[in-house]
Structure formats: structure tokens, C-alpha cells
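Starting from the given sequences, assemble the full structure and let the hints guide the process.
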Amino acid sequence: MSMMEEKVPGHTGRSEGGNWPWMHIIGFVISILLTLIALRLVLAHAMGPAGLFVTIMVLAVLQILVQLFFFMHILEGGGPRWHLWMLTLGFIFVFTIIAGSIWIMTFGAESY
Amino acid sequence: MPDDTLNVSHFLVTGDPLIYGADVSIVVVSIAIVAVLTYYRKWGWLWREWLTTVDHKKIGIMYMIAALLMLFRGGVDALLMRTQLAFPNMRFLKAEHYNQIFTTHGTIMILFMAMPFIFAMMNIAIPLMIGARDVAFPYLNAISFWMFFFGAMLFNLSFVIGGSPDAGWTSYPPLAESEFNLGPGENYYLLALQISGIGSIATGINFFVTILKMRAPGMTLMRMPLFCWAVLATSVLIIFAFPVLTVALALLLIDRIAGAHFFTMLGGGNPMMYINMFWIWGHPEVYIVVLPAFGIFSEVVATFSGKRIFGYASMVASLMAIAVISYFTWLHHFFTMGAGPGVNSFFALSTMIIAIPTGVKIFNWLATMYNGRVRVTVPMKWALGFIPNFAVGGATGVMLSVAPADYQYHNSYFLIAHFHQTLIGGVVFGMLAGMYYWWPKMFGFLLEERYANWGFWWFNIGFYVCFIPQYLLGFMGMTRRIYTYPTGMGWSTLNLISTIGAFMMGLGFLFIAAGIVYSIFYGERDTTGDPWNGRTLEWSLPSPAPHYNFARIPVVTSRDAWWTMKEERKQGVLPPGRDELRPIHMPKNSGRPFILSLSFFVAGFGLVFHWYILTVIGFAAVAACLLLRSFDYDTDSYIPVDEIKKTEASYGRS
Ligand code: HEM
Ligand SMILES: [Cu+2]
Chain A
1 MSMMEEKVPG
11 HTGRSEGGNW
21 PWMHIIGFVI
31 SILLTLIALR
41 LVLAHAMGPA
51 GLFVTIMVLA
61 VLQILVQLFF
71 FMHILEGGGP
81 RWHLWMLTLG
91 FIFVFTIIAG
101 SIWIMTFGAE
111 SY
Chain B
1 MPDDTLNVSH
11 FLVTGDPLIY
21 GADVSIVVVS
31 IAIVAVLTYY
41 RKWGWLWREW
51 LTTVDHKKIG
61 IMYMIAALLM
71 LFRGGVDALL
81 MRTQLAFPNM
91 RFLKAEHYNQ
101 IFTTHGTIMI
111 LFMAMPFIFA
121 MMNIAIPLMI
131 GARDVAFPYL
141 NAISFWMFFF
151 GAMLFNLSFV
161 IGGSPDAGWT
171 SYPPLAESEF
181 NLGPGENYYL
191 LALQISGIGS
201 IATGINFFVT
211 ILKMRAPGMT
221 LMRMPLFCWA
231 VLATSVLIIF
241 AFPVLTVALA
251 LLLIDRIAGA
261 HFFTMLGGGN
271 PMMYINMFWI
281 WGHPEVYIVV
291 LPAFGIFSEV
301 VATFSGKRIF
311 GYASMVASLM
321 AIAVISYFTW
331 LHHFFTMGAG
341 PGVNSFFALS
351 TMIIAIPTGV
361 KIFNWLATMY
371 NGRVRVTVPM
381 KWALGFIPNF
391 AVGGATGVML
401 SVAPADYQYH
411 NSYFLIAHFH
421 QTLIGGVVFG
431 MLAGMYYWWP
441 KMFGFLLEER
451 YANWGFWWFN
461 IGFYVCFIPQ
471 YLLGFMGMTR
481 RIYTYPTGMG
491 WSTLNLISTI
501 GAFMMGLGFL
511 FIAAGIVYSI
521 FYGERDTTGD
531 PWNGRTLEWS
541 LPSPAPHYNF
551 ARIPVVTSRD
561 AWWTMKEERK
571 QGVLPPGRDE
581 LRPIHMPKNS
591 GRPFILSLSF
601 FVAGFGLVFH
611 WYILTVIGFA
621 AVAACLLLRS
631 FDYDTDSYIP
641 VDEIKKTEAS
651 YGRS
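Just so you know, the protein sequences line up as chains A and B, in that order. All residue numbers for the first sequence refer to my numbering, where the first residue is 1 and numbers rise by one. All residue numbers for the second sequence refer to my numbering, where the first residue is 1 and numbers rise by one.
What the hints contain is simulated information worked out from the structure, not anything from laboratory work. Don't take every hint at face value.
Derived list of chain B stretches under chain A, where covered just means 3 residues or more per stretch with a C-beta under 8 Å from a C-beta of chain A [said to hold, decoys possible]:
#1 271-277
#2 325-332
#3 336-345
For each residue, glycine too, the CB sits at the ideal point set by N, CA and C.
Structure follows, in C-alpha cells:
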């Protein structure tokens, strides 16, 4: 494991100045767009409940990808891959929350 | 939508002597503080040394003071409630007032007492334990503290301005919706939690990164003190749990302020979704606050048994197991909502499983003491008091987790007794143990023992006198959140005993507080930096630690690093040749975290009363602070070698 000699609190080392942060801006616009589409579809009752449900789920997954690639720089960085561990755990938790909530909120629709 | 118009009698809460009393004391205390600061010309000192600091040690101390004050306020709430319940048909508090008090009591104890107390201990100890000079993001750390602080201020303000929330600390809709809860109290609840929640998430991220990235050379993960592991687990839980609370509160706020229907009874809303989301956060939250306490007990028990902790690897594994499993149990808080037998069985089982790693930890603490030379100091007393306490709390938890049985226990005084046993016996005992343990490291003197012992015994015995009767009352059918009860239920004696216990705990708290004041003047100075013959790196530093913590970053070769160094020195093994001192790179103080959080407070206050102009002003100031920070390149500086030498020499070190 690479352990740096000197660790400086709060010093992140700024990236070379001058570059316009295009990735961030594009990501920001896309993530806002995805949100607005979801809102619009629901407000306009654009589809039946099942259709809305599936569409919003798809939009949500896209949103996760946008966050990971445009803001969290999932592909960059050296050293131990802590972020992969966290990401796996995060996916497990997200899956649990969503699947669990759906299961719970069916209220005994399961047969006794 | 609620009516926006307000008049003065609405704005300032009137008509209740207790609240007039609070008004008067708030004004008096504020005037006193201003007067003292002005008289001793301490404004500049306050600003430079505290309000703008980014030093983790000072931030930790501020968290701790805030937590103790909130423990006091929450404790007074508790005593008011217990007084009202001491006898049947009491006429001490009115029903609405009682509702407000149990709501603020619960909210304050969990979010504004337990949370800052764990953050206090994390801030004070973690960087010192892992051999770092500060946390990974000191500026963010300051933001976290001030967001917590102003969130707590906003919440407490509700008592005198506008009225307190009264829908319980869980704030379930539909009761918490504007249909049934017009007043600004619920808005206060939602916004205060939202503001302090931002701080909590940032703290979780900060300590996660700190522990993974800032360790001294040689300190592998498996050489970390167990407190670090506990905080790592807590940070993971914070990162994943708090966003769910943020969303739940935001949706409820949108319902209340913008007239949406996420959780209403009409318009397609479903209040049960809020309950679901609240506990997706809520159950991990109870482990967020208790895991650091477990970590503290591990340090305290090892130090005062003079042994390494027994079963280190199994301790780590059980911490991590608890962290992950606690994410799969949330439904046990609403078995009675009727989700069906399949759902209830799943969550009952997952809840029972979590008792296993908890049990492993208890046995490891006992095994550590076994055959050790146990020194029963004050921190050790709290650890010893914790073990039987938590055994009972855990056992009643398993009883509650049996879904069919929970239909009997749910929302009864049995539940109340269970979670107070885990939260007081676990979290409060743990934080007090940590406070006594690390106090010399924070301030350079020890807390006096006599007062501390009186405090411990009154609090500990009072605890059982207060809460064991509540288990019985629960069995006898007394439900929670009732403000009075008739005679002839058979509850009167037990309630009276419980109230007596509560006042015993109050007395215990007063002894603890008096002991602190006494020790400030007469406490034994800690000149060695290692008053307990400690095992971990924080004890290798002088007390209080210098601003930069370590003049030279230590090189770690084993678990319990400081103990090993001491052993080697005793055997005459000379420490390896030391490097020359080098200038130390440190972050600069900044007033912006304070102003940023103050701006959030202003925006939040505006939203509480639907004063949108104030809200806009507040958020504009927030944006300005963020922008200024983005273009601020002057954020750090070097401490020159001369100055380090001088500081070290003043501690008698080189
Ligand atoms: C052995 C471990 C534990 C088990 C099996 C367990 C089980 C449970 C169950 C089943 C309930 C729901 C009861 C009901 O509402 O009817 C509950 C409530 C609660 N528990 Fe635990 N618990 C455990 C440990 C803890 C710990 C460590 C804490 C806190 C530090 C805690 C704090 C709470 C709180 C705050 C509530 C109720 C909150 C409310 O409704 O307002 N529990 N517990
Ligand atoms: Cu729970």
C-alpha cells in the first residue's frame, strides 16, 4: 500500500488552472435534464402507473451513471481502490432500499 | 396551504409561565455573555481562536460543549415530563405542552446531543490516534460544526418564537402535514434537521477519508485502534443513511410549504412511505451513535486492563457486520403497519441476527478484563456500568424483534425502556467514558474523581430506578406519549418510582457538571501527556496537543503503537534516528464556515415563516460564500521550524 510521507490536511492540490470545467458543466446540464423529464412525465400523467414506474427507474439509473462519470471521476485516481468497495456497498444498499420499499409498500398483496 | 399572515402574539409564544421563564433566562444569559466578553475584551479572542478555527481539537471541544448543553436542555425536558407523570391526573403540563416537550426532548437527544457528542469524540481523538495533523478536510470540518450549531439554534429558537414542533421526534405524517399541524413548529423541525444534516453528511465523508488516507506510515488498517474502526463503520453508515433522511424531510417540507401530496391522505399521497424512509435512516442512525461508543469502550477497557484488546479481528469483523446488517432491519420499527407476514418475518430475522455480533463484542470486553490488572478509574466505571446495562437493552431488543410479540410491546413503555437502555446505557455512558478518558488530552488537566464518582453512581443507579419500572408499565399497558393517566390503573406506584429515578439521574448530571467546574480550578495537571499509561498514539503527545499535533509524524510498527514504543524504550531499544524537523504545512483559519452556516440559518428561518425575501437573502449569501471559497487560493501556510522548536521546548520536548 502506498503511504505518502507527508499528508497535508485540507490540501487537495489544484488542477492546472485555466481549463474550463466542461465535464462538470455537461454533467450538470444532463442531470438537470433527467430530473426535469421525470417531473414532466409525472405532472403530465404521460403514461400509466407501470409505464411511469419503469421510465423513472431507467432515468434514475442514468442519473447514477452521470454522477459517477461526470462528477465522481470513477475512472481516475491511483492507490487502493476504496471507491470500488464503497460503490459495491452503495449499490447493495440502494438495491435493498428500493426493492425493500417496494416489497414493504405492497401491503400484503402477497398471498397468505 | 397554511395561512401566511402572522401577528405578534403568534410570533412570540405567549401565555405560559414556563416559556416566560425561558424568555427571561435567554435574555439574561445573552446579556451576561455579551457583557463578560466585552468586559474582558474577549471578542477578538473568541473570533480568532474559536469561531474561525479549523483545528480538529478545538472543533471537537466546541462539539462537546454543545452536546453537554443540549444534554442539559433535553434533561430538563425529561424531568418536566416525569414530573407530569409522577402522579395520576397531574395538572402540571397541559396536553399540547407535553406533546411539544416529548418532541423536542427526543429530537434534541438524538440529533443535537448524541450526534455532536460522537462528533466531539471523533474530532478529538481520531487524527491523534492515526498520527495525522488534522482531518482530511479541515475547512469542511468547520462547516460541519457550524451547520450543526445553527441547526440546533434554529430548533431551540422554536421554543420562544413561533412554538415548538409537537408531532414526535419521528414527525410522522399525516399528523405532521399542514392539514393537522398549522403552526411553524413542524417547519422548524424539518429545516433544523435539514441544516444540521448537511453537516453530518460532510462529517461522515470527512472521517471516512481521514481514516483511509491520513494514517501515519506503518499504520495498516489492522493496526488501527478499535475506535478508528468504529468511526470508520459509523462514517460508512452516515454516508449511506443520512441522504435518505434528507429526502424524506425534503418531501415533507415540499408538502407543507408548496402544497404537494407526497405523504398526505388525499391527492394520491401515502404517509406510510414517510415512515418507511424515516426508518431506513432511523435504524442505521441508532448504530451511528452507538458504534463510536463501542469503540471508546474498547479503548478504555484495554487501557485500564493493561492488556491488548481480546479478539481484535473479531471485534473488527463484528463492527463491520453490524454496520452492514443494520441496513437490513429498518422495518422492525413498524411491524404493526401491516406489511404482511413475509415482510415481517424477513425483518424480524435480520434484526435478531444483529444481536450476534453485538454479543461477540460484549464477550470480548469481558475476556479483555479477564486476567488483566483492572484499574477502576472513572472512565472504566462507565465502561463497567455499560456492560450489564447493554446486555439488558440488547435482550429486550431481541424481544421486540419477535414480530408477533411486538404487537404487544410496540409504542408501549416497554419500547421506551428498551431504547433508553441502549441509548443511555450505550451512547451516553460511552460518551461520558470518552469525555473523562480524553479530557486531560483536551485540556491538560484531569477531572476530579470524587465528584465524578458521585455523578457516576447517582446516574447509574438512577437509571435503573427510572427505567426498569417502565418495562413493567409497558407490560401493564401504559402506552408512550400519553400526558396523564387516571387512578386505578395500577400504574401509580411504578410511575412515581420512575420519576424518582429520573431526578436521581438529574442529580448525577449536576455532580458531573460541578466536577467539571471544580476541576477547572483544582484539577490535577497532566504534565506527562500520558496520565493513564495509554496504549495508542494520542498519549505520546503532550497535553493539550500542540496545534500541529505531531512535530514529526510517527512511524508505526505494531498495533497499540505507543505501548510498543514504551516497551522498547524500557528494554533499551533506542528509537530509530530521528529526522530533522521540517516546516509544517497547515490550513489557515477562516471565518467563512461560520458565515456560510449563519446564512443557512437565515434562509431556514425565512422558510419557517414563509418569509421568502429572507430566504432568498440567506441563500444568496450561501452562494456568495461558496463562490468566494472557489476562488480563494490562500488557504494554507507553513509553520517555520523555529516556531515548532519553540513550541516543543515549551513542553519540555525536542
Ligand atoms: C441487540 C440489538 C437491538 C435490537 C435487536 C433492537 C430491536 C429493536 C426493535 C425491534 C425496535 C422496535 C420496537 C417497536 O417500535 O415496537 C427497537 C426500537 C428502538 N431501538 Fe432498538 N434494538 C437493538 C439495539 C438498539 C440500539 C443499540 C439502539 C440505540 C443506540 C436502539 C435504539 C432504538 C430506538 C431509538 C428505538 C425506537 C425509536 C422510536 O420508536 O421512537 N436499539 N429496537
Ligand atoms: Cu431499529
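A quick look at each hint next to the structure:
1. Counting residues of the segment 271-277 of chain B whose CB lies closer than 8 Å to any CB of chain A gives 4, so the stated coverage by that chain holds, three being the minimum.
2. Figure legend: the segment 325-332 of chain B, annotated as covered by chain A; annotation consistent (4 residues with Cβ-Cβ distances under 8 Å, at least 3 required).
3. Counting residues of the segment 336-345 of chain B whose CB lies closer than 8 Å to any CB of chain A gives 6, which reaches the minimum of 3, so the coverage claim holds.
Of the numbered hints listed earlier, not one is contradicted by the structure.
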